[in-house]
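We have chain A already, so just place chains B and C on it with the hints.
Residue numbers (this note's numbering), protein chains in the order written: chain A, 1 to 777; chain B, 778 to 931; chain C, 932 to 1207.
Treat each hint with caution, since some may be false.
Here chain C is said to cover these stretches of chain B; the calculated rule only asks that three of the stretch's residues, wherever they fall, bring their Cβ under 8 Å from a Cβ of chain C [unchecked claim]:
1. 816-824
2. 830-843
3. 899-912
DMTMM-like cross-link-like pairs, simulated, lysine to aspartate or glutamate; straight-line CA separation at most 25 Å [to be verified]:
4. C:1012 to B:930
5. C:1012 to B:900
6. C:1012 to B:864
7. A:11 to B:864
8. A:20 to B:924
9. A:153 to A:467
It is worth saying that the hints were derived from the structure and are not from the lab. Every value quoted in this text rests on a predicted model; they were computed, and no experiment measured them. Ideal placement from N, C-alpha and C gives every residue a C-beta, glycine not left out.
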Amino acid sequence: MPEVGRNLPRKDGVAKISGKEPYSHDIHLPNMLYAAVYRSPLAHVRIRYVDTSGAQALGAICLTPQEVPDVIYNERIVSIPTKTYKDRRVLPTVARHVGEAIVGVAAETEELAIRALSSLRIDFEPLPSVLNAEEALKPESPKLYDRIWLGEKPIEMTGNIACERHITEGDPEAGFREADFVVERRYTTPRKYHGQMETKAAVCQPLPNGGINVWATVQSVHNVRQVLGQIYGIPLSKVNVKKLSIGGSFGSSIQMNSIIPICVGLALKSGRPVKLISPREDDMYDHSHYQTEMVLKVGVKQDGTFTAAKMNVIADIGAHHIQADALLGVMAGWLASLYKWKNFQFDGQAVYTNKVPGCALQGFGNPLVNFAVEQHMDIIAEMLGRDPVDLRLQNYIGEGDVFWGQGPSIKSIIESCGVEEILREGSTRIGWNQRREPHEKSGRYRRGIGVARGFHTSGTAGPKPGDVIDFSSATIKVNEDGTVDILTPVIDHGGGTGEAIVKIVADTLHVPYTMVELSDVDARTTGYDVATHATRGVYCGGGAAAHVAEEVRTQILAMAGRILDEEPSGLALDLTAERGTHVYVQSDPNRFVSLKDIAKTAQIKSWGTMAATGSYRQSSAPPCFMGHFVEVEVDTETGEVRVVRAILLSDAGTVVNPDLLAGQLIGAFARGIGFALQEHTQTLPSGTLNHGGWLTDYRMGTSCDVPPPDAMDVYFAHTYESTGPFGAKGVAEAALSSVWSAVANAIYNAVGVRVYDLPITPEVLLEALSAPQLIEA
Amino acid sequence: MTSLILNGEQWTTAVNPTTRLSAALRESGGALDVKEGCLTGHCGACTILLDGQPVKSCLLVSGQAEGRSVISLKGLSTDPVATYLQESFSRAGAVQCGFCTPGMIIVATALVKASEVPLSRDDIRAGLVGNLCRCTGYHKIVTAVEEASYVHES
Amino acid sequence: MARYQRPETLRQALTQLHDNPNETVVMAGGTTIVPFLQPNDDETVLLDIGRIGELKNLICESEIIIGSAVTLKEFLTYARKQENPVLGALYEVASHIADPTIRGQATVGGNVARGGELATILLALDAEIIVESLDGGSRRIHLKDLLLDPGVTALGHPDDLLIAIVVHNQKYDYIHYDKFTKSHLASIPLASVAVAACDRDIRVALGSHRLFPERLSLVERRLVERDLTVPTGWGQLGGLVDAEVFALTDDSYHNHIIHVLLERALMGPPSEVNGQ
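Looking at chain A on its own, in the form it has when it is part of the complex (with noise of 0.2 Å):
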């Protein structure tokens, strides 16, 4: 029986529920400093001077602007080098953001060093701030920045503009003119905050030799490692990075955190080790996800073929480019990958705003984008009469396809789709047949039911470079007892990637799930891994696995047929309960070698490990598909909606871990009608939180607020997808791409009132249920 498809205990389970897990907040060194950083309190301005006489006469050491190597540097690499935009430093000389770091400082005490705070003198230049896009895109507003540099090329700014992607296929105009209706609408996602329960932290040992030992909240120890050694000049053999477990992520590491870098520049500063963790507060100002406007237009047939579709998209990025471009880039692909629109114009736009930088949360712009097309959908088939899961079925892009999702250099062709499985089983399960209209409705409370469909793709290889790197690596070794080692550098956020991971090497081996485990590593002892990003845990880090595991597999066969005395073609590996993992004679099958045996014998007889590293890169990026189908109920009085039943329903290939996955559909969703109701990180006149860094404000939801464990019904599609390991896709962000989408369609079917505007909040719902309603299309 496969370890693929068990539910098994996870690998770091026993570790994790008793507490003994470390996370970089737990990582403790002796003689060890502790960190604090002071964080601009104004929008915008320049640094003059930094007295820090205090701050040492309480013995505290400081790092300020004027101490940190002049470098400017993108935190994110994972798009090739010309396509990285790079416009910031360790700590700046002039602050773009409230909260954005100006000065650390590190002292033998927390208390110590937040006291040292206190006592530093800053000389301010406040600047003219701008805090929306489309203020900042105005030629007359404040300039952030005068430079920013596109690889090795310097840009000189000319506004706020951080770039742009204008993406054309076919003749979107002419398509226009042929469609029988157009549908335009103006729809906006707010700025948000990932709320993973671990905030950042870092921990950094200097080393006798000038190299560093770094301990920190990453999704990628090897990114994290080339950034600080770009940063301080330290050749990447003397900087290493510690793979430890995350407490929860959703986007927010995905860069090199900010505080990384100030903790390593102390650490190398006082010459001891440095502990830095991010406040609750501080964690709020130092990322949030993009805020973006969206224009869609789509040209449909009576029939219901499309003809075009165009998206005019502004992001507002906030203080730092983050991979912006790749944002645009994103957001054009998965609104081409969505549906049969023949036609297709993206123009998008990112712009600089002096707010807290945007990041990735779960999803990139994928939600975003899906926000507004599964609405638009929902508006054409009421105006043409269709049914809105039909209408989704004829256009919908599948099997055989091609599929862009993560922009247009990452094209590949569909080869497993559960779409119609996915809307028909959950039409089933939700009982869309009896949906009935909102005019049909009266009451207090009032019940819709929507649905909406969406995708992440599996990972952002294929079968030529693109724009972004991705492949990923592992070593294997089988040990002297016939247990397997896995050396990977693929970090688990909690889903399970490191479980998947583990069974898809055991099955590649026929070794049980309970003799193959995942070593402690770091980013020396492993090959190169991008991220854990783009839902590629499992398609690429399990797929690098999978690969360098058949090589371990030859190996095996090798040493057993020197023992057995046979070619290797002629053996197979097999487990059975009898024999365990064995190696066998497939024309005499009862002439067999233990697994155990034979890495013994290998030692014994000096014939070296059965051990492999290797790195590779798939061939594809698939798309996992996703489908929610959800039922609310909107309290009229108050403009409460409360979410009664969600069906979630995902396509992600061969299932790996089915709790674990089921426990991802279920989280992201909680999430997302976190997102659609009520999570939202306003900025104030004055640049600053509206809720100030806290959480009660934020409001994140609680046991109480996401629906009861009875309301929610989870279902995987039948595929299978032969360029994963064995038949496995992704699913991680697809998991959050339709939530709100659906909440909102079913808010709809519930009042008749659509909201174009997120968070649909009670104030929002309430005021467009007061309001006239114009007539849809």
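Same frame as chain A, but now just chains B and C:
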């Protein structure tokens, strides 16, 4: 100077009595199973048992715990309810990133023990409302506690 | 760092307050004080009254007396065992404040002194508080005379300590409490409304996340003038309620929610007595 009973053993720390208890436990008491997620009492990752009552240790100063019993998750290693909960959490898939888990199990242990009848799912949801989890959507945590509660009462 | 004192007796606490009224911050549970402590604050003395036995009273006779250092959890455990409608109403309110771990630490006195949810229902129950100081001795103050503005109370002496809350153990025809909270994490409601009525004695109190709880005296008077027994019809109250309520906040949604809560409070089923 503060003296208290930490996980059953007398413990004296030199930290200031107005230092928050969670910091004292982590930094001086080596109780790294007490997680700090917000320092404002909203996330519940730092939940401990203070004289048997679950409280958020970031909302207490160390002096408040003087002479009292403080139990973190590792102090419950022989507690049958906590042990069963750990197993049911593991079995149910209630652990993803794991950062909220110690606080969740502390609260759940007190919740299960406080009830004379098996807890309903609504009781459990209300009982866990002070402990945030961003990964799981709570569903599997609630079912894990439900299972433990049922076993405890029967 | 702030200094810390934990007196064993009321007298020790009163003495500290008397000697250092300006530097002393009184705390019992500490849930609303500890997160705000600053390492560079060397002036403050935290006076922890959480273990003073004299502040832990729980009595239910002709008067209900709740010691200020009684935790919400201790109060709930006590109130649950009593077959008393007034305690039952208070139980309902207290059992939905914040979350179980906070209720295990936060105190009744802390909640009332900060104008929390208990203050709203206690206003409707026309509760009194007992305060004491070294010089002024022990005195009773009507809760409605105590709560002025957020953070400002009418305690006569800077060294007054809140000792207990006293509620008349009387019969009510109607006790109602309702709140609107944007999410469960936000433990402080956007608005809350409490109504207690016995014959023509009708008290309506409004709590809110921005404002201190207060009695809606115009609404009360209107109900009495029109000889309306609660619960009655919102429509019959007319514009006077609007005038009073609209003056409270300029946030239209907030106003709307206050209206909704008042409407529910004053139109509830006649026999409703919220309690256990």
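Okay, the hints, checked on the actual structure:
A stretch counts as covered by a chain when three or more of its residues have a beta carbon under 8 Å from one of that chain; for the segment 816-824 of chain B and chain C the count is 6, and the coverage holds. For a cut-off of 8 Å, the count of residues in the segment 830-843 of chain B with a CB near a CB of chain C stands at 11, and the three-residue condition holds. With a cut-off of 8 Å between beta carbons, the segment 899-912 of chain B has 6 residues touching chain C; three or more are needed, and the interface restraint holds. Annotation: proposed proximity of residue 1012 of chain C to residue 930 of chain B holds, straight-line Cα distance about 22 Å (limit 25 Å).
Of the supplied pair hints, the one linking residue 1012 of chain C and residue 900 of chain B holds, its CA atoms being roughly 19 Å apart against a limit of 25 Å. Between residue 1012 of chain C and residue 864 of chain B, the direct Cα distance comes to roughly 35 Å. Violation of the 25 Å bound is thereby established for this hinted pair. Between the alpha carbons of residue 11 of chain A and residue 864 of chain B the distance comes to roughly 14 Å, so the proposed pair stays at or under 25 Å and holds. For the suggested pair residue 20 of chain A and residue 924 of chain B, the alpha carbons sit about 24 Å apart, so the restraint of at most 25 Å is met.
About 17 Å separates the Cα atoms of residue 153 of chain A and residue 467 of chain A, which keeps this hinted pair within 25 Å; it holds.
In this structure, only the earlier hint numbered 6 is contradicted, and the remaining ones agree with it.
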